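S.K.: Under this note's numbering, the sequence shown has 794 at position 279, and the numbering climbs by one with no breaks.
Note that these hints are calculated values from the structure, not bench results.
In this text the structure is predicted, and so the values were computed from the model without any measurement.
Virtual Cβ for every residue (Gly too), placed ideally from N, Cα, C.
Only true hints are included.
Label pairs and their calculated CB-CB ranges:
1) Lys718 / Gly812: 44 to 54 Å
2) Met576 / Lys732: 36 to 46 Å
3) Pro707 / Val617: 40 to 50 Å
Here are the computed lysine-lysine pairs in the DSS-like style, where the Cα-Cα straight-line distance is at most 27 Å:
4) Lys766 / Lys712
5) Lys766 / Lys753
6) Lys613 / Lys863
7) Lys673 / Lys718
8) Lys753 / Lys732
9) Lys863 / Lys618
10) Lys588 / Lys619
11) Lys968 / Lys802
12) Lys613 / Lys898
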Amino acid sequence: MELSAFPGFLFTAFDRFTVLAVFLTVFALTVDFMKRWKKCQNYPPGPWGLPFIGNMHQVDMNNPHLSFAKLQKKYGNVFGVQIGWTNTVILNSYETVKEALVKKSEDFADRPDFPAYDYLMKNSGEGLPFDPNFLLSCVSSNIISSTVFGERFEYNDKKLLALLQLIEESFLLEGTFWGQLLNAFPFIRHFPGPQNKIFENQKQAIDFVQEIVTEHKKSWDPNEPRDFIDAFLAEEEKMKHVPDTSFQESKMIGTILNLFAAGAETTSTTLRWALLYMMLHPNLQSKVHEEIDRVIGKERKPTLEDREKIPYTNAVIHETQRFGNVAPLSLPHQTYRDTEVMGYTIPKGTTIIPNFTSIMLDENIWSTPHQFNPGHFLNSEGKFVKPEAFIPFSAGHRGCPGEQLAKAELFLIFTSMLQRFTIQLPENEPRPSCTEGIYATDRNPLPYRLCAKLRAVRRDIPSSI
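Put together the whole structure using the sequences plus the hints.
M.R.: What follows is the structure, encoded as structure tokens:
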């Protein structure tokens, strides 16, 4: 090639590269527009999103409920955002959520895909300061364990500790920017990055449950089920010739892990908030002590029959759920068919996020929404009342299936702890915040330590924790 021809060759190559780059850019923007712009007339208002990421830059992934609260002030109780390529409608206020999840329950009964869970379902001392996180996690996890595995674990069991660590870490990861990015753009799972830790944790959790299932198979009797696993195996045997049956081992493992993640984690988180509030409000704690001592006494163990007899204690538990705001955003729903809510048209297949924070802190419902006030659940005569708008377990077809178990756990564990101990703030330690939290799918209190002083010695309890 002659030197005089070389510059022309470079220009031609550069020109071709420019044309290709422009074409790919236009093509990508067109695909992005088509993926996201599947709206209809009368679609809810909302902020304009950027290409590819939509409104992700306007949502604080560490506190998405707070970002939605700001958008609610500008766009109203029903507004749309784009999370990546996903058109998402946020529902705020009790009346809005009630219309969608209760009055039109079937319309909003679907669930969108959760790429972060695809892998899981595809393989279908007294007086001394301490952090209560570990103990409360063990308590709630052992309740699930007794039901599912037919046995409880000791608190120093390495397998239990490993599972709790995996669940807690996964909750944190799924609530981070990388977890949200994975759900918005599932293809990034094929690239290296922090998001892949979610799948690594799921694989370890699956192996943990698989080992227990394998042991069960060696001794299970279909006529005498010992626990959930045995009952599931019996149904799996009956349905083994039925095409596309849901009774498959991979589905069982996924269900078990969901029970641990959704049941144990949220219960222990609620109890952590409850102990924090009692520590920071000793005057309210004294009222709980007085009521428990008067009605139940210091010797007899609390039972569910006591719940109606101790309204103030019951009100404290419910106020903990409200003010602690453990589930600030309900798990996403998806519209089953074209529908309407509050006058806006919502197309079939739209992702729906009920913003429970807008209900739990609504000034039109609660007299002091930004304060811990058990009086929200007591009438003028001191009797327990539950406002209609109190829906911490969601509502409609997608309401929490473990609601009754969770309520029983919260009451029995909290009442038993307050019957036996006085919760105190450790000396020379800063007062922890009762309003700030850590968003990790659910909302956790910031780490804190407490002192538990024994109130009454009983034969069936240790003298210290």
